[in-house]
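Respectively, the protein sequence lines represent chains A and B.
FYI, the numbering for the first sequence is 1 to 260, going by my numbering.
FYI, the numbering for the second sequence is 261 to 678, going by my numbering.
Errors might be hidden in some of the hints.
[Said to hold, decoys possible] Heads up, incomplete: computed chain A residues facing chain B, CB under 7 Å, no partners named:
hint: 1; residue: ASN121
hint: 2; residue: MET179
hint: 3; residue: SER180
[To be verified] Derived CB-CB ranges, DEER-like:
hint: 4; chain 1: B; residue 1: LYS387; chain 2: A; residue 2: ASN94; range: 18 to 28 Å
hint: 5; chain 1: A; residue 1: ASN94; chain 2: B; residue 2: PRO281; range: 15 to 25 Å
hint: 6; chain 1: B; residue 1: GLY390; chain 2: A; residue 2: GLY71; range: 44 to 54 Å
hint: 7; chain 1: B; residue 1: SER270; chain 2: A; residue 2: GLU19; range: 56 to 66 Å
hint: 8; chain 1: A; residue 1: GLY110; chain 2: B; residue 2: LEU591; range: 36 to 46 Å
hint: 9; chain 1: A; residue 1: PRO30; chain 2: B; residue 2: ILE593; range: 32 to 42 Å
hint: 10; chain 1: B; residue 1: GLY390; chain 2: A; residue 2: GLY31; range: 16 to 26 Å
hint: 11; chain 1: B; residue 1: PHE414; chain 2: A; residue 2: GLN87; range: 52 to 62 Å
hint: 12; chain 1: B; residue 1: ILE593; chain 2: A; residue 2: ALA93; range: 18 to 28 Å
hint: 13; chain 1: A; residue 1: GLN87; chain 2: B; residue 2: SER270; range: 48 to 58 Å
hint: 14; chain 1: B; residue 1: LEU287; chain 2: A; residue 2: ASN121; range: 36 to 46 Å
hint: 15; chain 1: A; residue 1: PRO30; chain 2: B; residue 2: GLY390; range: 53 to 63 Å
[Claimed, not checked] Footprint (simulated), chain B over chain A, 3 or more residues, beta carbon under 8 Å:
hint: 16; stretch: 82 to 90
hint: 17; stretch: 126 to 134
hint: 18; stretch: 192 to 206
Hints are computed from structural coordinates only; laboratory data are not their basis.
The beta-carbon is built from N, C-alpha and C at its ideal position, and this holds for glycine as well.
Below are the chains, spelled out letter by letter.
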Amino acid sequence: MSTPALSINGLKKNFGPAEIICGVDLDLAPGERHAIIGPNGAGKSTLFNLISGLYTPTAGSVKLNGEEIAGRSPHAINRMGLSRSFQVSNIFANMTVRENVRCGVLYSLGYGYSFWRNVGNLREVQQKTGEVLERVGLLDKAHLPAALLPYADQRTLEIAITIAGGADVILLDEPTAGMSHSETDRAVALIEQATADKTLIVVEHDMGVVFNLADRISVLVYGQIIATGTPEEIRGDSRVREAYLGDEDEQLALATGGAQ
Amino acid sequence: MQSYEHLAPSRAVKIRQRFVPFVVMALVLAVIPVFDPSRTMYSLMAAMGINIVFALSYNMLLGRGGLLSFGHAVYFGLGGYAALHAMNAIDAGDSAFWGNYPVFMLPVVGFAMGALAGAIIGWPSCKRSGVPFAMISLGVAELVAAAGYMFGSFFGGEMGVTGDRMVGPQLFGLSMGPVEDVYWFIAFWTFVGTLGIYAFTRTPIGKMSEATRDNPERVQFVGYDPNRVRYLVFIFAGAFAGLAGGMAAVNYEIFTPESVSLIPSGLVLLMAYIGGIRYFTGPIMGAILLTYMQSMLSDYSEAWLLYLGLLFIAIVMYAPGGVAGIVFGLLDIFRHDGTREVLTRRVKQAVGVALAFTGLVILTEVAVRWSNGYGEVFEPFGLHLGIDTPLSWVLIVGFFAAGFVTLRLTRNKEEGAA
Chain A
1 MSTPALSING
11 LKKNFGPAEI
21 ICGVDLDLAP
31 GERHAIIGPN
41 GAGKSTLFNL
51 ISGLYTPTAG
61 SVKLNGEEIA
71 GRSPHAINRM
81 GLSRSFQVSN
91 IFANMTVREN
101 VRCGVLYSLG
111 YGYSFWRNVG
121 NLREVQQKTG
131 EVLERVGLLD
141 KAHLPAALLP
151 YADQRTLEIA
161 ITIAGGADVI
171 LLDEPTAGMS
181 HSETDRAVAL
191 IEQATADKTL
201 IVVEHDMGVV
211 FNLADRISVL
221 VYGQIIATGT
231 PEEIRGDSRV
241 REAYLGDEDE
251 QLALATGGAQ
Chain B
261 MQSYEHLAPS
271 RAVKIRQRFV
281 PFVVMALVLA
291 VIPVFDPSRT
301 MYSLMAAMGI
311 NIVFALSYNM
321 LLGRGGLLSF
331 GHAVYFGLGG
341 YAALHAMNAI
351 DAGDSAFWGN
361 YPVFMLPVVG
371 FAMGALAGAI
381 IGWPSCKRSG
391 VPFAMISLGV
401 AELVAAAGYM
411 FGSFFGGEMG
421 VTGDRMVGPQ
431 LFGLSMGPVE
441 DVYWFIAFWT
451 FVGTLGIYAF
461 TRTPIGKMSE
471 ATRDNPERVQ
481 FVGYDPNRVR
491 YLVFIFAGAF
501 AGLAGGMAAV
511 NYEIFTPESV
521 SLIPSGLVLL
531 MAYIGGIRYF
541 TGPIMGAILL
551 TYMQSMLSDY
561 SEAWLLYLGL
571 LFIAIVMYAP
581 GGVAGIVFGL
591 LDIFRHDGTR
601 EVLTRRVKQA
611 VGVALAFTGL
621 VILTEVAVRW
631 SNGYGEVFEP
641 FGLHLGIDTP
651 LSWVLIVGFF
661 AAGFVTLRLT
671 RNKEEGAA
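If we strip away everything but chain B, and leave its shape as in the complex, we get:
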């Protein structure tokens, strides 16, 4: 019998593409504490880890399954609430099971709750795909968010449910009190979550999920029920979102009904899409970038949400591959021959975008201060840029014009080359 072993990727390729990235990830996670990050950095990284798993779980639906959901925070939130209730049960110590359950393992509770919620809510919603699926997910999100304020015993009303993570038996000698302990907890589960979601893409159902996304009709004629495929993917996406929720429960020790609302559902969509839904690493990049913007940019500018919106629109219109698409595109340029022209053009485009964006930033910052009416004035680099300062408008128009001209020039070149 002839062997077709050679059709599969070689061992070297497998190691390079599947094994090394995870080793690198583990190393990075292990090395970070060596640099003795500040408390702020620790809490920022914890938020990043949670969002990485959350965004990856969302991309199981959007990127891999072709299912646009507007309510993914429902599973994140329910997982988080379940983990917090479990944390309080550990604290109470009445039952033998919860009394011996380590807080470190609470994301498993979140995972189970997310899977259960996915199995229940997915049952009706996965009978549809496309626009009806998106609408149902929106309806479910509204429903659960409304329930959040109504069912006080589970959701804790507007105050939410709080807990104390320094209870129960310790695992790995972590008391879970100091941020360093929490870091190891987050790092461990970020790694497990990422690995788990990647492993899912390698299973038969993971492959058929991509097939169903691309061609649901054909899937039927190779023996698969597309609704069943979507349903199973939905359960797993819910489960991993619940896992992220469990991480958040331990990290923040509080969950409020806001966590199941449309706002975090929208944010996770932005993270996945801006990162790049066609790449496995896309949502990771998106989660890191957006979490950073959320916590850092909001210190610099109260208009940061405007910049987020602009970034999203720009990505949708000009870089559908997202941040990952841009990064891998650049890597490709460096790898292949005849790169200089392409690279020069990319650099010119980047300069053009940066110039136009600078104009936009000045306009936004000047306008937002004037509109607030507190008499604040935008003063970058010792300049005084008020709404009635001619220099402001010179700069705004100047940067805009310079940016557009640069972009125009690269485009003309492109056409000339073709």
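One chain only, chain A, in its complex shape:
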């Protein structure tokens, strides 16, 4: 087997005495679409923050294409080819849509901290920004201030910034949260298209989205992965059913039933 795109081993995170992530192991093949599901408070967002460098792990290792990234700063990890989105829209609200995407493009094209170039004259940056905008369908809104976009478009912009740098491992944190059905369908199509031939990890509550999108699914409960497998395997797993109570159990049943 080739080097995993992302390899997590014995990852732990404590906040004081509280163990939030208690030993997570996970290997992702390049190009895999992996979904992480689990009840509220299971540690999904914490796991994302550990992988992307926002938190420092208490123990364990995270390898990106075989290279250790645990404990590195977020910008260093990003430059190595891992990019993430946020659960709450985390965009540059005072800038236009185009400027937002341009911020995502600049570093990857080698214009990091340059102070001797005029951004307006950088053809390559302009071209790449245009391509990303077209890919996510925001071309016609390029000149709107990001703060004035409708919610669903802000989420799309969030994804656009995430993919703009050309990272090959993409982490999406609840990309469809708060969207209507039709918006969700469009968002899923966008994610599939925008992350084609990239490695994707997505945290998602909408089971329909998860079972449609993912090649494999991991179920995170109380900081541990209790099951990993294809959507079919996860559907049949009794422990998974046990972990999901109430609404989410029904939702899981609904998604399972609907797909059969």
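Starting from the structure of chain A, add chain B where the hints point.
This is chain B only, laid out in the frame that chain A set:
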């Protein structure tokens, strides 16, 4: 391959927004001497030019970088001191380098010194942002101001360091002696400084500075280290402040430790904020307005600092966009349709503010004369307004009331319209 050229602003827009303003600025600077200004006007304009560059450099931190600094005069002062020491080296003429260095180019020395100071002081202070950054800048300002009185060989003690600008080789045939020569020197560097700071906003690091101001967390996930961005911006802000210091060194031929103290640091904050930190031109307007107030208003009233304080508070509370925000807001009204109502309301508001302000001015002027105890009395337009003259109080209360009623009326209208 599809081209996305059309996404960028069109050539016409670029020329109108980026090229024309600088042409206009150059023209204005070039035309001013034609009107044969008085010596007072020349020295006032020199002070304005220096403050324009200084305030713009400050706004690289506050407006564009979201960094509130209480110690920006440190870089202005150090740049100025460095330029004065260089001026004295030119005068001494011992070294081949300084012997051939024209005084006209001294702001470059200030720029280098400002950048160096920014690079050294910014290293620890840019590891923090927000309130800790502001506190560190305050600490550094206190530190450098204290050092100013201790390290006599560099700062010259309380007397400061003096120099003579009519030394060394001449550039552009300017002897730097008469105010006219100094005017060209100041005009040149004001233009270069403004252009340089504007150009900085157009660079990748300038854009990422705005991104870091708005959302430092997200900046990390597009590959940037927010501390590194802030640090680089800090160095450039220090450098341009040093440039302004170099201009001041040539203009005044003296620098005292007071120039690195908290007072000029506070004044530059006021200039940038009153002018409007969200606009590139804001600090320019603020610098012009405050320099004018400082030199002219202080001739009319010893209470001018009170008016400055009032202006600042009023701007913070009611016009966060500053003078530039007000100016561009008015321009917007003229440009768009359905303007009459908005315009009428703005005029009414202006009248209300002016009335209330007149009441305040009378109160202040009457009070300050009475408090001084020299027996002076405020006598505008042939009126005699003493503290015990009933007319004084009638006017004060009358203007106040008229102003408040006018403002109240416009507000009611606004609510009714909504």
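Hint compliance check: list the failing hint numbers for this structure, sorted ascending.
The structure breaks hints 1, 2, 3, 6, 9, 10, 13, 14, 15 and 18; every other hint is satisfied.
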